[in-house]
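Below, each chain spelled out in residue letters.
Protein chains: 2
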Amino acid sequence: MKIQKEYGITAKKDENLSDWYSQVLLKTDLIDYGPSKGFIVLKPYGYSIWEAIKQIIDTRLKDSGHQNAYLPTVIPEALLRKEEEHFSGFNSEVFWITKAGDNSLQEKLALRPTSEAIAYSLFSNWVGSYKDLPLKLNFWNSAMRAEIKSTKPFIRNSEFLWQEGHTVHTNNEEAEAEVRFILDLYEMILADYLGIPVLKGFKSRKEKFVGAVATTTLEGIMPDGKAIQLATSHNLGQNFSVPFEIKFLGSDNREHFAWQTSWGVSWRLIGASIMIHGDDRGLVLPPKIAPIQVVLVPIYKRGQTDQNVIPSSVEFASELRRAGIRVHLDIRDEFTAGWKYNDWEKKGVPLRINIGPKEILKGELEVVRRDTLQKETILQNSLVERVTELLDLVHNNLLNKADQALRRRITHASNYDQLKEMIQDQVGFVSAGWCGDEDCEISIKEETGADIRLIPFERNNKSDSTTRCVYCGKNTESIPVFARAY
Amino acid sequence: MKIQKEYGITAKKDENLSDWYSQVLLKTDLIDYGPSKGFIVLKPYGYSIWEAIKQIIDTRLKDSGHQNAYLPTVIPEALLRKEEEHFSGFNSEVFWITKAGDNSLQEKLALRPTSEAIAYSLFSNWVGSYKDLPLKLNFWNSAMRAEIKSTKPFIRNSEFLWQEGHTVHTNNEEAEAEVRFILDLYEMILADYLGIPVLKGFKSRKEKFVGAVATTTLEGIMPDGKAIQLATSHNLGQNFSVPFEIKFLGSDNREHFAWQTSWGVSWRLIGASIMIHGDDRGLVLPPKIAPIQVVLVPIYKRGQTDQNVIPSSVEFASELRRAGIRVHLDIRDEFTAGWKYNDWEKKGVPLRINIGPKEILKGELEVVRRDTLQKETILQNSLVERVTELLDLVHNNLLNKADQALRRRITHASNYDQLKEMIQDQVGFVSAGWCGDEDCEISIKEETGADIRLIPFERNNKSDSTTRCVYCGKNTESIPVFARAY
Numbered sequence: 001m002k003i004q005k006e007y008g009i010t011a012k013k014d015e016n017l018s019d020w021y022s023q024v025l026l027k028t029d030l031i032d033y034g035p036s037k038g039f040i041v042l043k044p045y046g047y048s049i050w051e052a053i054k055q056i057i058d059t060r061l062k063d064s065g066h067q068n069a070y071l072p073t074v075i076p077e078a079l080l081r082k083e084e085e086h087f088s089g090f091n092s093e094v095f096w097i098t099k100a101g102d103n104s105l106q107e108k109l110a111l112r113p114t115s116e117a118i119a120y121s122l123f124s125n126w127v128g129s130y131k132d133l134p135l136k137l138n139f140w141n142s143a144m145r146a147e148i149k150s151t152k153p154f155i156r157n158s159e160f161l162w163q164e165g166h167t168v169h170t171n172n173e174e175a176e177a178e179v180r181f182i183l184d185l186y187e188m189i190l191a192d193y194l195g196i197p198v199l200k201g202f203k204s205r206k207e208k209f210v211g212a213v214a215t216t217t218l219e220g221i222m223p224d225g226k227a228i229q230l231a232t233s234h235n236l237g238q239n240f241s242v243p244f245e246i247k248f249l250g251s252d253n254r255e256h257f258a259w260q261t262s263w264g265v266s267w268r269l270i271g272a273s274i275m276i277h278g279d280d281r282g283l284v285l286p287p288k289i290a291p292i293q294v295v296l297v298p299i300y301k302r303g304q305t306d307q308n309v310i311p312s313s314v315e316f317a318s319e320l321r322r323a324g325i326r327v328h329l330d331i332r333d334e335f336t337a338g339w340k341y342n343d344w345e346k347k348g349v350p351l352r353i354n355i356g357p358k359e360i361l362k363g364e365l366e367v368v369r370r371d372t373l374q375k376e377t378i379l380q381n382s383l384v385e386r387v388t389e390l391l392d393l394v395h396n397n398l399l400n401k402a403d404q405a406l407r408r409r410i411t412h413a414s415n416y417d418q419l420k421e422m423i424q425d426q427v428g429f430v431s432a433g434w435c436g437d438e439d440c441e442i443s444i445k446e447e448t449g450a451d452i453r454l455i456p457f458e459r460n461n462k463s464d465s466t467t468r469c470v471y472c473g474k475n476t477e478s479i480p481v482f483a484r485a486y
Numbered sequence: 001m002k003i004q005k006e007y008g009i010t011a012k013k014d015e016n017l018s019d020w021y022s023q024v025l026l027k028t029d030l031i032d033y034g035p036s037k038g039f040i041v042l043k044p045y046g047y048s049i050w051e052a053i054k055q056i057i058d059t060r061l062k063d064s065g066h067q068n069a070y071l072p073t074v075i076p077e078a079l080l081r082k083e084e085e086h087f088s089g090f091n092s093e094v095f096w097i098t099k100a101g102d103n104s105l106q107e108k109l110a111l112r113p114t115s116e117a118i119a120y121s122l123f124s125n126w127v128g129s130y131k132d133l134p135l136k137l138n139f140w141n142s143a144m145r146a147e148i149k150s151t152k153p154f155i156r157n158s159e160f161l162w163q164e165g166h167t168v169h170t171n172n173e174e175a176e177a178e179v180r181f182i183l184d185l186y187e188m189i190l191a192d193y194l195g196i197p198v199l200k201g202f203k204s205r206k207e208k209f210v211g212a213v214a215t216t217t218l219e220g221i222m223p224d225g226k227a228i229q230l231a232t233s234h235n236l237g238q239n240f241s242v243p244f245e246i247k248f249l250g251s252d253n254r255e256h257f258a259w260q261t262s263w264g265v266s267w268r269l270i271g272a273s274i275m276i277h278g279d280d281r282g283l284v285l286p287p288k289i290a291p292i293q294v295v296l297v298p299i300y301k302r303g304q305t306d307q308n309v310i311p312s313s314v315e316f317a318s319e320l321r322r323a324g325i326r327v328h329l330d331i332r333d334e335f336t337a338g339w340k341y342n343d344w345e346k347k348g349v350p351l352r353i354n355i356g357p358k359e360i361l362k363g364e365l366e367v368v369r370r371d372t373l374q375k376e377t378i379l380q381n382s383l384v385e386r387v388t389e390l391l392d393l394v395h396n397n398l399l400n401k402a403d404q405a406l407r408r409r410i411t412h413a414s415n416y417d418q419l420k421e422m423i424q425d426q427v428g429f430v431s432a433g434w435c436g437d438e439d440c441e442i443s444i445k446e447e448t449g450a451d452i453r454l455i456p457f458e459r460n461n462k463s464d465s466t467t468r469c470v471y472c473g474k475n476t477e478s479i480p481v482f483a484r485a486y
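For the protein sequence lines, the chains are A and B, in the order given.
Residue 1 is where the first sequence starts when you use my numbering, and the numbers rise one by one after that.
Residue 1 is where the second sequence starts when you use my numbering, and the numbers rise one by one after that.
Since the hints were derived computationally from the structure, they do not count as laboratory data.
Watch out, some of these pointers could steer you wrong.
Same chains, same names: a pair is fine if it fits in one copy or spans any two.
[Stated by the list, open to error] Straight-line distance between alpha carbons at most 25 Å, and here's what the computed PhoX-like set of lysine-lysine pairs gives: (1) Lys200 x Lys301; (2) Lys401 x Lys346; (3) Lys362 x Lys206; (4) Lys131 x Lys27.
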């Protein structure tokens, strides 16, 4: 692809995260902006990351008995209106199709903001008996929600790629177990594949998914102290099965309304991973989602390739590829080795191997880690073994650093002044007592910009003493985590 | 999923193909109808077939240097209008978004009918020098074209899943080579994976893709004698690069407009495969795209499972699975073995293995082929080997049968009366002389219902003698193939 005039990343991540982020996305050929506001284009390098994430999630979902299927992109207005709270929550951001060619449609069609309405209208025909349950389906598609305010690639777009899971159960306990199973699965994938640590818990009533009984969430923290919702898993109870008439004949020979869950993650994971791990040189990709895990750069002066550098490089690349490692051999003639080093550092490839005549003679190779920029000399005959170890070390280092950053950004506020100050100082996650009243929650949001990101599943240790709502002073047991968020 | 009341396929394929087709789709849990006209839902069994096809094509495209990427679903009206012939061709079937929430949009947004317009508006920024070329991109997505007339699942829908490839080259020869490479790739995949033989050639000027210089096509034939377009690969020449300003600096240091191709196949391949291979019992799936290639049915009377039938079946299933074969072990307790036989025959699983106490004792297994319904006793210790062979035999048999059916449906008409009669008799493909004049083409279409499906790349043998246009009688060298089509 066309080489930009201003080639390197000129913004500093610590000084201007937003500018740094845009530059990284554009200058590493991950994305481009689409012609309509809020829509982005994934270039091959960006889409490969999504393909890697998709593969990881898809395998785990299939292994746990979920099946993929496909739903239409459009939803008739009447269906979307069927669950009122759900509709009112999405109404303002729904794109509407009103015409086909020059003809007006009799009924407006919504572009899928999420598929509950259309999926459940079908489920009512698909489910007849308890023997048909559980029904555990997953859908890979794009969702469209008009974003009129500030948009940010991967983080907030008018169209985003995601997966949405929808399950139907005979009882609430099984639905609840599914909600938690999926949340734990997401947490594992975020940590073990993307190097992203999170906090987990419930959303408040105000912040939960519209139409859900309860929403569980995974929340990450960005380098600017803003929180980001990375995955949600909802217990829908019977809120949808009643209006959509999803009923089953139980083993008791009586009809019952089913119990449901829905859950999803989006390409937002890519955005979070970039913001968390990247540095002033550009991307730092976690090895397991990196389109290229190892890049080989042969070093030679023009006209001096007689030292067997290229043929050996091809051999090393093949050896790594046979071991299942994603390798790229950079044999572009028009660039110097030094230029290539910068290029692959910018593109965040976890390991770079430099291969020159000296290394060939000695039976050695030079490996450079992207995360630490440390060089290491390895033996050619332990290539696959050491590269595999190093990829793991890179992953673990990224996860550990992100985990330390997360820990540093969790504090506790004993009173409202403290809370306000901490939020003002962009500390990150601030836990504080809250009476459970939505009025207090709204006031805190209005006055500080922070909302309740989650209510931890287990009560925080810091709350052994009597706790009061930081806003109204009422006694309470609830200690949610507040933060400003993306 | 819910068991239908009327369980079996009641229509006969030979008597009422259309009814047979709908029943098969619905009663094998491949699809359901969506709530909006022309939109279908893929249930897991149907979507698995698409996943298998996608995997096959995706691997081949990546192996030949194509990269995946993602484009927005919506296209601003002004962009779609940029290539006039293209716009006028799609205009009548474009879905338009005119509102977001309660607000009218300033500019209408089209739902992607195909991505030329949006892709090429981006390519003009991505391509700068001949070093950026060729650019070979592929997109997996859904396209939306309002079908107001008759719709048929997989064959003609208002939304369909497909892949669309878009490439950019420095010269016409390279673009032409790409067009043919892709058409040959599609032909190979159709034959070797879906068991579908085709005719190939050019579309006439009237039938080519709107905006293309030339369209090449693969045309299949259905059991009712109707042709179906299964894949197209277009040489776009510079028809789009000029209005979209896709220019590159050549090695001659001068600016040139680029040369382009686009090509695609859709889930129509699933529909064609079903119509071609299925029989009165239901689906007959080609092994390479079958979600389940082998189903194991343990045979035992209730309470008499002491003969080790189930544990042995689990072992056999594992052995096949380790060999990379897609296996399902049917241990549903509520159904008899006989019921299961019918069920899996209906669902088109290529091989069924019956495992009873007798077989266990003798070290044998009974294998039943879905295509021929022939039974064969095999030795347990040659399970993987024989199953692998049988899957190949099933594939080859399906392809051969389809190929014979295709050959039987190709005839030649020496004059217009013959052509009319043959089309009337639903013979299938009818080759006939044509002067090349669009007026004759249109008249033939109006009077017979048949259009030019393709103009073969190589001139037909039957045309050794002088040939005349069957309509106007002018001498001609061109002998296209006519047919009524889906």
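Checked hints:
1. Taking the shortest Cα distances, Lys200 and Lys301 never come within 25 Å of each other, neither inside one copy (54 Å) nor across copies (50 Å).
2. For the homomeric pair Lys401 and Lys346, the shortest alpha-carbon distance inside one copy (20 Å) is at most 25 Å, but the shortest distance between copies (55 Å) is not.
3. With identical chains, the CA atoms of Lys362 and Lys206 are never at most 25 Å apart, being 65 Å at best within one copy and 66 Å at best between copies.
4. Taking the shortest Cα distances, Lys131 and Lys27 sit within 25 Å of each other only across copies (18 Å), while inside one copy they are farther apart (53 Å).
The structure is inconsistent with the numbered hints 1 and 3, although it conforms to all the rest.
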